[in-house]
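Whole structure, please, built from the sequences with the hints as guidance.
Residue numbers (the working numbering), protein chains in the order written: chain H, 1 to 117; chain Z, 1 to 115.
Just so you know, these hints were derived from the structure itself, not from any lab.
The reader is advised that the hints may include incorrect statements.
Claimed, not checked - Straight-line alpha carbon distances no greater than 20 angstroms define the calculated DMTMM-like cross-link-like pairs of lysine to aspartate or glutamate that follow:
(1) Z/Lys57 to H/Glu98
(2) H/Lys104 to Z/Asp59
(3) H/Lys104 to Z/Glu15
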Amino acid sequence: AQTVTQSQPEMSVQEAETVTLSCTYDTSESDYYLFWYKQPPSRQMILVIRQEAYKQQNATENRFSVNFQKAAKSFSLKISDSQLGDAAMYFCAYRSAEGQGAQKLVFGQGTRLTINP
Amino acid sequence: DGGITQSPKYLFRKEGQNVTLSCEQNLNHDAMYWYRQDPGQGLRLIYYSQIVNDFQKGDIAEGYSVSREKKESFPLTVTSAQKNPTAFYLCASSILGRLDHQPQHFGDGTRLSIL
Chain H
1 AQTVTQSQPE MSVQEAETVT LSCTYDTSES DYYLFWYKQP PSRQMILVIR
51 QEAYKQQNAT ENRFSVNFQK AAKSFSLKIS DSQLGDAAMY FCAYRSAEGQ
101 GAQKLVFGQG TRLTINP
Chain Z
1 DGGITQSPKY LFRKEGQNVT LSCEQNLNHD AMYWYRQDPG QGLRLIYYSQ
51 IVNDFQKGDI AEGYSVSREK KESFPLTVTS AQKNPTAFYL CASSILGRLD
101 HQPQHFGDGT RLSIL
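Written out as structure tokens, the structure reads:
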């Protein structure tokens, strides 16, 4: 079974600075997708960024980018120019691209990000 | 606007009582999911459904039941067999097929508490 580990329960960063959230995963599959979701205090789950495992190029979405290291099974999220609105729980998630597992998102434990003004 | 509607936002259950959480989507998505979130933890999959009248157990299905009579609706019943039902419940949906790399979309959640 696949597992996702976020080793940083909490992180904080000064406004306008850059912060990196870590995520590692364990899988024997070669084809899969990885996601970062943001959960603000409203509890809504918002997709931040996604990465297809077959793509070598790291995904970017405005101030958000990932460092995807397939061999190391690492998928970190970098937030540049941090803003107060970025404060939230961030979840890393894995999804298989094959078979029954293709329907399941496996989540990490989450990292609570605080932005200091 | 297209989206996922969960109701109620807050729900209280008495001991021995079954309660049903509603989830409706108008995104024309094939697949629907139910997740449970406990404080300080990630989401865990309860049940999912890829097609009407069919559904599969997730990782923590014991004490829960679902139905999928319509494509738009995927209600979750928390039965009296679920001994620790206090949690935040999230419903999600997604496209299947050649676009299955598309992400799951989530509702705003239901918070269930024991009286």
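### Message
Run through the hints listed earlier and report the numbers of any the structure violates, in increasing order.
### Response
3
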